[in-house]
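Top line first, the protein sequences correspond to chains A, B, C and D.
Here the working numbering is used: the first residue of the first sequence is 1, the next is one more, and so on.
Here the working numbering is used: the first residue of the second sequence is 1, the next is one more, and so on.
Here the working numbering is used: the first residue of the third sequence is 1, the next is one more, and so on.
Here the working numbering is used: the first residue of the fourth sequence is 1, the next is one more, and so on.
Among these hints, one or two may not hold up.
Incomplete in silico selection of chain A near chain B, CB under 10 Å [to be verified]:
| # | residue |
| --- | --- |
| 1 | SER70 |
| 2 | ASN76 |
| 3 | GLU128 |
| 4 | ARG176 |
| 5 | PRO233 |
Hint data in this document are derived by calculation from the structure and do not stem from the laboratory.
Glycine included, every Cβ here is placed at the ideal spot set by N, Cα and C.
Number of protein chains: 4
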Amino acid sequence: MPPESPPKDLEPWQWPEEEWRRKVNHVRAGRSLRPERWPGGKRCAVALSFDSDHDTNELRDGGKSIGRMSWGQYGNRVGVPRILELLQRTQIPATFFVPAVTALLYPDEQRRVMAEGHEIGLHGWIHEVNSALTEKDERELHLRSFDTLTQITGVSPVGMRTPSWDFSPATLKIQREMGLLYDSSLMADNDPYELEEHGERTGIVELPVEWIRDDAVYFNMNRFAALRPYTAPTTVLDIFRREFDAAYEEGGLFLLTMHPHVIGYRSRMFILEELIRHMQALPDVWFATHRDVALHAKAQMPT
Amino acid sequence: MPPESPPKDLEPWQWPEEEWRRKVNHVRAGRSLRPERWPGGKRCAVALSFDSDHDTNELRDGGKSIGRMSWGQYGNRVGVPRILELLQRTQIPATFFVPAVTALLYPDEQRRVMAEGHEIGLHGWIHEVNSALTEKDERELHLRSFDTLTQITGVSPVGMRTPSWDFSPATLKIQREMGLLYDSSLMADNDPYELEEHGERTGIVELPVEWIRDDAVYFNMNRFAALRPYTAPTTVLDIFRREFDAAYEEGGLFLLTMHPHVIGYRSRMFILEELIRHMQALPDVWFATHRDVALHAKAQMPT
Amino acid sequence: MPPESPPKDLEPWQWPEEEWRRKVNHVRAGRSLRPERWPGGKRCAVALSFDSDHDTNELRDGGKSIGRMSWGQYGNRVGVPRILELLQRTQIPATFFVPAVTALLYPDEQRRVMAEGHEIGLHGWIHEVNSALTEKDERELHLRSFDTLTQITGVSPVGMRTPSWDFSPATLKIQREMGLLYDSSLMADNDPYELEEHGERTGIVELPVEWIRDDAVYFNMNRFAALRPYTAPTTVLDIFRREFDAAYEEGGLFLLTMHPHVIGYRSRMFILEELIRHMQALPDVWFATHRDVALHAKAQMPT
Amino acid sequence: MPPESPPKDLEPWQWPEEEWRRKVNHVRAGRSLRPERWPGGKRCAVALSFDSDHDTNELRDGGKSIGRMSWGQYGNRVGVPRILELLQRTQIPATFFVPAVTALLYPDEQRRVMAEGHEIGLHGWIHEVNSALTEKDERELHLRSFDTLTQITGVSPVGMRTPSWDFSPATLKIQREMGLLYDSSLMADNDPYELEEHGERTGIVELPVEWIRDDAVYFNMNRFAALRPYTAPTTVLDIFRREFDAAYEEGGLFLLTMHPHVIGYRSRMFILEELIRHMQALPDVWFATHRDVALHAKAQMPT
């Protein structure tokens with residue numbers, strides 16, 4: 001592993017070649033893990049995930065806004081039950097990425113999620129910003145979150161989605177120490193790939209996300225940051241459907257990130273419902289948790 | 001009530017558990033007050049509200065822009081009359097939340113609103129930011145606004161919508177002191193619920209708002225904040241209609257926040273008009289003021 | 001005129017009543033000047049305007065971006081000719097508001113605009129921000145601009161649109177000194193009205209603008225301000241058409257602000273073209289310059 | 001060439017006339033180079049370009065975000081191959097503007113681009129901001145980039161698109177020293193024109209860009225800058241098609257800027273694909289590299 005050589009007073013256009021090469025190679029997409037065929041001879045894979053941030057978004061920012069905190073509670077009180085009801089009705093397994101503080105606030109929610117056959121993955125302690133932490137603090141929070149989820153759900157998580165997809169320089173190293181099966185925070189491909197660190201294989205499967213396939217990008221509302229839900233819900237459905245259709249065409253993975261406090265509204269649930277109807281109308285789609293997709297992808301790796 | 005223990009130099013991810021639990025529990029959604037059935041055996045309830053901010057948005061910011069002040073006057077001069085004419089024609093009662101300064105500038109407007117059978121509720125003194133005030137100042141302004149509205153309209157208001165839905169740590173305490181029937185500023189549910197403070201019942205009904213059901217979110221224009229009216233009016237109609245349709249399906253409440261200086265334009269009034277036509281085509285919709293909805297919700301509370 | 005009493009260290013919610021009343025009454029909409037009928041017995045009036053900012057937007061900001069300056073040149077090189085060709089073909093008179101620096105850079109453009117029967121109105125010196133100037137400087141620039149336009153076009157302008165609709169505390173006073181017929185920068189109504197200053201009539205006609213009826217709001221692009229042309233051109237056409245349709249219904253004024261460097265593109269000119277086609281399909285629409293609309297409105301004033 | 005006379009402490013509205021004239025005339029559109037007819041008697045010209053920024057956007061900003069770096073890798077790993085496959089299938093030549101650092105990171109990509117008949121043009125060293133550099137540094141980076149691209153592709157580039165279309169006061173001077181055939185960063189027209197510097201001809205062809213004809217404007221995502229992909233993909237197709245249709249009508253140039261890490265997604269490639277289908281349905285459209293368009297435009301120049 002190359003030593004860090006931070007050229008503190010150089011502008012990027014003054015960096016020596018080894019500097020930008022080192023940065024580019026720190027964490028990198030390696031071998032593609034798109035299988036020849038998916039389990040059961042299915043044509044493509046669908047992995048739905050829900051990031052159960054609830055109150056932690058506001059707590060992470062200092063917890064001063066009672067309004068935003070009530071919005072967080074909505075995720076637990078209305079969002080998750082609506083989503084679980086739809087998944088139950090359509091018999092689709094999904095993955096919930098849950099900050100440990102969410103799990104401690106709402107342990108019954110997590111137990112119901114598990115009981116209905118879904119997966120729970122790591123999503124930080126309180127939705128903290130990894131890249132603002134020291135490596136030591138980041139490690140401690142991931143480990144504490146791991147213990148908390150294990151204790152509450154009775155099952156050890158095998159995958160991580162970093163909060164806000166904020167992947168620090170230390171994240172991959174810590175994930176390797178923890179022996180995780182997969183990460184789902186990066187976006188170098190549409191289909192699963194193996195993560196490399198400083199040019200060496202890690203054995204960790206990346207299930208890539210994309211802002212395109214995320215409900216919050218289109219619908220978020222932040223009074224102070226000029227963010228508004230400016231995209232038509234029908235347009236969001238159109239985008240998600242096109243992403244799926246092409247994944248189906250290519251035989252790849254369609255991975256969709258949602259949030260109970262974003263998609264779980266009366267005027268938005270139809271997006272997920274119509275998308276599911278569209279996908280289930282096809283005979284050869286494999287619906288799976290992230291873990292099961294990662295396990296199948298990992299089976300493609302040479303040993 | 002737990003004592004305040006502000007861990008001033010701790011980051012949120014360093015907080016002890018009691019700290020984030022205390023913040024989460026400060027103001028909380030308690031018991032759901034969605035009734036088994038609405039008055040007259042109706043299937044769902046519709047509560048339309050109009051926040052008559054008029055010139056106070058600009059005054060609150062210092063009152064320097066003559067252009068924005070003329071925009072405020074539009075609310076009184078064109079917006080409210082258009083809205084009242086439509087409500088009159090369709091025979092729908094509504095609630096107007098009015099800052100005291102608006103009421104003092106336009107007392108005739110308020111008297112007409114009352115005379116035509118609508119409700120007037122509290123909306124701060126000059127559209128101030130509650131969370132920037134001391135508890136003492138906030139209390140004084142709410143009480144002064146209460147007296148002003150009572151004097152001008154002849155009726156004491158029973159509900160409050162905080163300006164900008166900005167609910168301070170002191171707001172609920174003051175509302176309890178004032179003996180209000182309801183608040184309409186928070187968003188932990190789609191349907192009415194009872195507010196809890198530090199884990200104890202308050203008897204106050206929350207009629208929840210949502211940025212999704214607010215015209216300003218989609219249409220606001222702020223030259224200096226990169227906010228633009230980027231949503232198609234037809235899309236806004238589509239969103240509001242979906243919100244209503246699902247409320248009707250569930251037998252819940254459809255509450256919509258509008259502003260005379262936002263919706264009251266030639267190219268936007270059709271949204272409200274078509275929405276009303278759509279809702280009135282159904283036989284079993286209960287149109288009511290916020291007060292009447294809150295009274296019915298309150299009747300669901302155990303004593 | 002009430003003396004200025006700037007309560008410098010008071011927050012707006014602490015202001016005495018006379019303070020916010022003074023601010024609100026400084027410049028105010030007085031009597032409505034919507035006529036019983038428009039000239040020739042027409043049902044409604046249409047006033048199209050084009051703000052020929054060209055290079056001045058960038059010059060006003062310091063003139064450092066060569067890219068934005070080339071965008072400005074587009075207004076003169078492509079935008080105005082396209083617009084003039086369309087107006088010629090459809091025989092519609094319009095008003096061009098022209099900063100004096102634009103007129104000095106492109107005097108031939110202004111002479112062609114006049115020769116084809118359109119009006120040229122004041123639009124500042126270099127698109128300066130009025131509210132950042134002293135009254136003395138603002139006056140000097142308006143007067144210098146008046147002389148410049150008069151000299152280049154051979155006709156004295158009778159109306160002003162303030163740059164960026166930025167109306168300073170001194171603007172109305174200066175307009176009265178200059179004896180202008182009309183202003184077109186404020187937005188307290190959809191239809192013409194008389195401007196009042198500190199409660200007294202001014203005899204000046206306001207032809208109100210609105211961000212809704214402005215092409216730049218939807219299409220502006222500012223790399224550093226997160227502004228992007230996020231509205232579909234077909235949506236902009238829909239909005240403008242709805243504004244016109246309701247004006248026609250009410251017998252009012254439809255006033256539309258455009259910019260040669262915004263509307264004058266291959267993918268946007270259809271908006272104006274289809275709008276004109278739609279309006280000209282009706283027999284009783286009066287197309288007029290701002291001056292002619294203002295003259296007719298002024299005839300409604302009692303003397 | 002007029003001497004620089006920076007009136008440092010004057011506001012723009014105080015500048016003497018020679019100051020704003022000097023700024024306006026620094027770089028200017030001269031003679032239009034739209035030909036009477038295009039090669040082979042074609043009616044209009046289509047020039048597609050792809051800016052292969054890949055990882056350089058993030059490196060230029062300091063290279064700290066591993067997430068954004070993975071997004072950059074997507075451009076090489078997925079975006080470019082998808083684009084090349086489509087161009088191959090439809091037999092359309094295009095131009096790729098490539099920062100030198102991208103070329104060094106992915107030399108095979110560049111060699112494949114060349115081998116399949118496309119052009120590679122200059123796009124800075126590491127996507128640096130030209131206007132933040134000294135003239136000396138800017139020159140050195142352009143020359144180094146020229147050498148790098150020549151070495152990797154075996155062909156000397158003849159045109160430049162400045163990174164972010166950021167054209168510094170020195171850029172044109174340096175382009176003249178380098179003897180470039182064309183630039184493609186400015187926007188004073190829809191069709192090719194000759195660049196003038198301080199009023200004198202340069203012989204350099206400008207192939208004008210426009211934010212309207214750029215995929216990133218509509219689809220960019222920047223978590224910290226409130227930029228979101230708020231435009232419907234179907235709207236982007238509509239805009240691009242209207243731009244082309246009018247270019248075809250006028251017999252002009254349709255130039256479109258895209259980015260492999262923006263357009264190269266499953267839900268967006270249909271835009272380019274349907275656009276190509278639409279254009280290829282017409283018999284008399286000339287598809288060409290920027291170089292070939294510039295050569296034909298240059299042939300219109302008087303000597």
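Item to check | Violating hint indices (sorted, rising) | outcome: 4
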